Amino acid sequence: MKSFTYQRPASVHEAVAAVHAIPGARFIAGGTNLLDLMKVHVETPSHLVDVNRLGLDRIEPTPDGGVRIGALVRNADLATDERVRRDYALLSRAIVAGASGQLRNKATTAGNLLQRTRCPYFYERAMACNKRTPGSGCAALEGHSHNLAILGASAHCIATHPSDMAVAMRALDARVETVGADGVARTIPIAALYLPPGSTPHVETSLRRAEMITAVTLPPPCGGIHVYRKVRDRASYAFATVSVALIAHPGNGAAGASRLAFGGLAPAPWRREAAEALSGAASPDDLADIILAGAQPTAQNAYKLALVRRTLSASLAQAAHIQSEGARR
Amino acid sequence: MHDTYSTRLIVNGKESTLALDPAVTLLDALRDDLDLTGTKKGCDHGQCGACTVLVNGRRINSCLSLAVMHDGDAITTIEGIGQPGQLHPMQAAFIRHDGFQCGFCTPGQICSALAVLDELRRDVPSHASDDLLAIAPTDAELRERMSGNLCRCGAYPNIIDALRSVALEQA
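So the sequence lines, in the order shown, correspond to chains G and C.
Going by numbering that gives the first Met the number 0, the first sequence opens with residue 0, and the numbers climb by one from there.
Going by numbering that gives the first Met the number 0, the second sequence opens with residue 0, and the numbers climb by one from there.
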């Protein structure tokens, strides 16, 4: 790692002020992604502001019947919270589909949302990467793109967002609470958190400099049957090639998808509300046509087009099976 | 000379105060500053699990954590779990079931295994949980929960045998 200085602030305001004041300063939470990237010199912060002990590790009910998840709640604790397991099973399922037990104990809610892509060219400093070194090009376009994006990418970057948790958060209409460098709080719908790569793939989110996520809120539970189905290159501890987050409500027609979001396909969780609106009368293939509209796969990842259809069909069948069994999941 | 930060660690019940460069990982502090070399450095990127230790009772990859961030934390390494002649039941089970060959991954496997049984008791769900509200220690659960610990000798079936036997002893 490049050398850096370290600070443990006493408050959120002190934390954002420090990151704002010191060039090259970064927040550190669980550190499982940031430290990994620092070891390969892809991230080279001059100063780390440790936000672990600011009391942002609680899960609380909100007045409207939803839940507020502190930014520093560990992934394992969020997946284990009884309300989450009961009312937001999709979120629990998505979290435990990702990483390992050790990593989930350390990784945080906000850190998971803000983790960087695992595109191999982003990690390899000898290769061109517009996300790591703006203007250097994208070696992935002609390179190993097996697990890179088929949707929402650009001629400058085809990286995917690697999170499973964020896919469930997107399906659940999560909102991200932040505090800016000026100390002012605001709320960002998760749909507006991630920016399309366009010609500036190094600008990944709508967060401003030194703006800190303090919590993520979920609206009141929406009921239904929750399925998170993940396809990957091995049975455990691997990033998704395709994942489906599905909430199905009985009586919502043959396909029955009232919420539908996908991972492994795009620079952000991929959701097309038009498919959900159609769901009652639509076949799985009709839904997939909407989801996949505008796809631009490479020769190496065109397999994802078929895999999306099959994984969606399997997820809908799984939801129908759970419904017929009357089982709780 | 870089800035150093005074960091108090309680490792295996013994308190130490170290003056650390902030770039020192918990793994390197344990091995290089405290001479506790039971915890192994495999990949140094959180992929292999050889560096697994318990921090305040929970398993983490010590390679992906800065020691300065653990000021005041209680850390348990393999040296704090058992000793020759006074093995922890999990260590005895690994021997009984032939749960290792070269042994390099074993300290991490054993720390992880103890945490797995604790997580099952605390109803922490996994990808193998059929019902999020009724979690049972099936073999599928044990295998899934140990996926963050690689064993290049391929002792996996015997590692699961060891976990199952300790889980049954504790039941």
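Just so you know, the hints here were simulated from the structure itself, not pulled from any lab data.
Small disclaimer: the values here were computed from a predicted structure and weren't measured.
Any given hint could turn out to be false.
[Said to hold, decoys possible] Which stretches of chain C does chain G cover? Using the computed rule of at least three CB atoms under 8 Å from a CB of chain G, they are:
| no. | segment |
| --- | --- |
| 1 | 27 to 35 |
| 2 | 44 to 53 |
| 3 | 64 to 74 |
| 4 | 112 to 121 |
| 5 | 130 to 143 |
Ideal Cβ placement from N, Cα and C applies to all residues, glycine included.
A quick look at each hint next to the structure:
1. Using a Cβ-Cβ cut-off of 8 Å, 0 residues of the segment 27 to 35 of chain C lie near chain G, which falls short of the minimum of three, so the contact claim is violated.
2. With 4 residues bearing a CB less than 8 Å from a CB of chain G, the segment 44 to 53 of chain C meets the requirement of three and the coverage assertion stands.
3. Residues of the segment 64 to 74 of chain C with a Cβ under 8 Å from some Cβ of chain G number 5, which satisfies the need for three, so the listed coverage holds.
4. Restraint check on the segment 112 to 121 of chain C versus chain G: 4 residues with Cβ-Cβ distances below 8 Å, three needed, restraint holds.
5. Given as covered by chain G, the segment 130 to 143 of chain C passes the check, having 5 residues with a CB less than 8 Å from a CB of that chain where 3 are the minimum.
Hint 1 from the earlier list is the only one contradicted by this structure; the remaining hints agree with it.
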